[in-house]
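Asks: Given next are the chains, with one letter for each unit.
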Amino acid sequence: MNRPVTDGDSRLQADRLGLAYGRTTIVRELSLALPDGRVTAIVGPNGCGKSTLLAGLARLHPPSGGGVVLDSRDIRDLPTREVARRIALLPQHTVAPEGLTVAELIRFGRHPHQGLMRQWSAEDERVLAESLAVADIEALADRPLDALSGGQRQRAWIAMAIAQQTPLLLLDEPTSALDLGHQLEVFELIRALAASGKTVVMVVHDLVSACRFADHMVAMLDGDVVAEGPPAEVVTPALVRRLYGIECTLIEDPVTGSPMLANPRRPATARS
Amino acid sequence: MTAAGSNGAPRVGEAGTRMRMTGLTAACAAVLALACLASLLLGAGSVDAGPALAGLLGHGSEEARFVVFELRAPRTVIALVVGAALGVAGALLQAVTRNPLAEPGLLGVSAGSAFAVAVALTLGASAATLRSTVAQLGALGGCLCAIGAGRLRGVGDDPVRLVLAGAALSSLLAALTSMLLLVDQRTADEIRFWVVGSVAGRRLSDLSGILPSLAAAALITLAIARPLAALALGDRVAAGLGHRPGTVRLLAVIAVALLVGAATAVAGPIAFVGLVVPFAARALAGPDIRRTLWLSVPLGALVVVAADVVSRLVVQPSELPIGVLTALLGAPVLIAVVRARRLPTL
Chain P
1 MNRPVTDGDS RLQADRLGLA YGRTTIVREL SLALPDGRVT AIVGPNGCGK STLLAGLARL
61 HPPSGGGVVL DSRDIRDLPT REVARRIALL PQHTVAPEGL TVAELIRFGR HPHQGLMRQW
121 SAEDERVLAE SLAVADIEAL ADRPLDALSG GQRQRAWIAM AIAQQTPLLL LDEPTSALDL
181 GHQLEVFELI RALAASGKTV VMVVHDLVSA CRFADHMVAM LDGDVVAEGP PAEVVTPALV
241 RRLYGIECTL IEDPVTGSPM LANPRRPATA RS
Chain W
1 MTAAGSNGAP RVGEAGTRMR MTGLTAACAA VLALACLASL LLGAGSVDAG PALAGLLGHG
61 SEEARFVVFE LRAPRTVIAL VVGAALGVAG ALLQAVTRNP LAEPGLLGVS AGSAFAVAVA
121 LTLGASAATL RSTVAQLGAL GGCLCAIGAG RLRGVGDDPV RLVLAGAALS SLLAALTSML
181 LLVDQRTADE IRFWVVGSVA GRRLSDLSGI LPSLAAAALI TLAIARPLAA LALGDRVAAG
241 LGHRPGTVRL LAVIAVALLV GAATAVAGPI AFVGLVVPFA ARALAGPDIR RTLWLSVPLG
301 ALVVVAADVV SRLVVQPSEL PIGVLTALLG APVLIAVVRA RRLPTL
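These protein sequence lines map, in sequence, to chains P and W. So the first sequence is numbered by this note's numbering: it starts at 1 and just counts up by one. So the second sequence is numbered by this note's numbering: it starts at 1 and just counts up by one.
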């Protein structure tokens with residue numbers, strides 16, 4: 001399922017990027033190139049700056065140093081709407097007004113392509129239908145979001161991002177708070193999007209899912225990248241110890257061959 | 001509004017929504033027309049419906065024609081304008097603060113406006129020249145206080161607390177306004193009736209002063225309707241869709257100040273219209289702010305015209321201040337919203 005990352009192009013890069021909340025520095029001098037057409041998973045412990053990095057990459061968080069390069073230009077030099085035509089971002093926590101239907105939500109995805117003078121068009125209608133089909137939620141189009149299951153709702157939000165028709169898609173913990181079946185629903189959709197040529201960058205909490213569904217992995221600790229590459233090469237017992245402070249044995253998934261954690265335990269010194 | 005107008009093959013749900021909006025708009029317009037007719041025909045004075053109808057059609061006594069065209073027609077038009085302005089202002093303020101209880105009257109915006117006018121009059125301005133700009137500046141100040149309170153931890157997170165903060169601000173400003181009235185007899189005479197809110201005794205020429213700002217507010221509202229709808233999905237999502245949440249909020253607050261200031265300048269502070277109207281519009285048209293704003297125009301006009309008609313009839317031959325009636329209408333809605341198990345998220 002995963003494709004190895006060859007030295008390819010990268011439309012989205014961080015260049016000595018610094019990100020801060022007030023005086024608290026979250027990310028310091030971080031450089032990163034996200035491979036085009038692949039699924040990149042950003043992993044790391046809570047509070048390591050994954051979500052902040054994602055927001056910074058999408059220009060939703062102003063840099064305190066360095067910058068983000070999108071298509072060889074500083075992202076701050078691009079008009080807001082232009083950025084929204086190239087990068088779609090789905091935050092971890094989403095809110096929607098009560099009673100909003102799936103189709104109504106997806107229509108918002110067309111905003112970057114519309115203007116005061118250019119309203120809803122036949123093309124928008126076509127993209128709406130296509131987004132519903134890709135996310136496999138056509139039957140739910142007129143249902144209110146609050147009446148859906150967690151997996152369906154998350155696919156509806158991803159469908160909104162699909163309707164934005166951006167080459168880049170950033171997802172912040174798209175499967176948090178979903179049970180295993182719903183997680184698979186969402187990860188399979190993400191793989192399908194990458195297969196259709198999109199670049200996907202996702203923050204993922206679960207290391208095993210990240211190994212299984214990503215082509216490229218970025219491991220973060222304290223606002224810095226500590227390892228980067230194909231999951232099978234990046235994930236080692238030493239990295240797991242460094243990121244999460246736990247000991248484990250790594251085994252290969254007998255079916256997919258991706259790394260899995262066996263016997264995770266807190267090191268003897270940490271136990272009391 | 002963008003809710004309508006798809007060129008592609010419309011899906012069932014969408015076509016249904018559009019038809020529903022058209023139907024709702026037509027129904028509101030029809031009821032509003034009836035209310036306007038009632039406003040022209042009914043009154044606290046000596047001209048009853050029959051003679052008034054004759055006057056309206058160009059017959060009847062001189063007195064009837066005078067009452068209909070010189071007294072009731074202007075106040076009807078002013079009630080229409082004031083109601084629409086307050087309805088839209090309420091819908092905007094609720095969207096910006098994400099609070100279904102945010103209402104210009106409850107949050108102190110109208111009180112700020114009234115206080116500013118009282119201060120200006122005390123300082124020697126004459127009512128005719130200064131009122132609308134001063135009222136709008138006062139409304140802007142009230143808006144900023146309300147938004148500032150909304151940013152406070154613990155106040156902004158809780159819609160009810162924000163309203164409490166607004167009530168405190170309103171009372172304070174009302175007390176200060178009363179103080180000015182006590183101190184300065186001339187000011188008191190000029191604005192005593194105005195302070196309680198009324199559309200009686202206004203002339204059509206009063207409208208000319210506020211039309212430019214109403215037009216500006218309308219343009220701003222049209223321009224920010226779509227981004228404002230996106231803000232309902234959260235600031236991050238809206239920004240990701242290419243909108244600028246901060247700019248949109250600022251423009252919305254300016255529009256609210258222009259609308260409330262204009263309405264207050266003409267009719268005095270009228271509370272609860274901005275609460276009841278968006279509440280009803282949301283119940284009828286669903287969560288999209290664009291549809292809420294659209295329906296708030298006829299519904300706002302309807303509420304104020306109807307309240308004005310009733311205010312003339314209940315204590316004949318006197319008249320109730322219109323603010324008393326909107327409060328009677330608004331208080332139950334306020335209680336209903338607060339008592340709902342969970343406040344609707346906007």
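Each hint should be verified, as a subset may be incorrect.
[To be verified] Taking CB as the label site, the calculated pair distances span:
1) W:THR247 - P:GLY257: 17 to 27 Å
2) W:VAL119 - P:ASP146: 39 to 49 Å
3) P:GLU29 - W:THR247: 48 to 58 Å
4) W:ILE335 - P:ASP146: 21 to 31 Å
Keep in mind the hints are simulated off the structure, nothing from the lab. Just so it is clear, CB atoms sit at the ideal spot from N, CA and C, and this is done for glycine as well.
Asks: List in ascending order the numbers of the hints, as given earlier, that are violated by the structure.
Replies: Per hint list: 1 and 3 violated.
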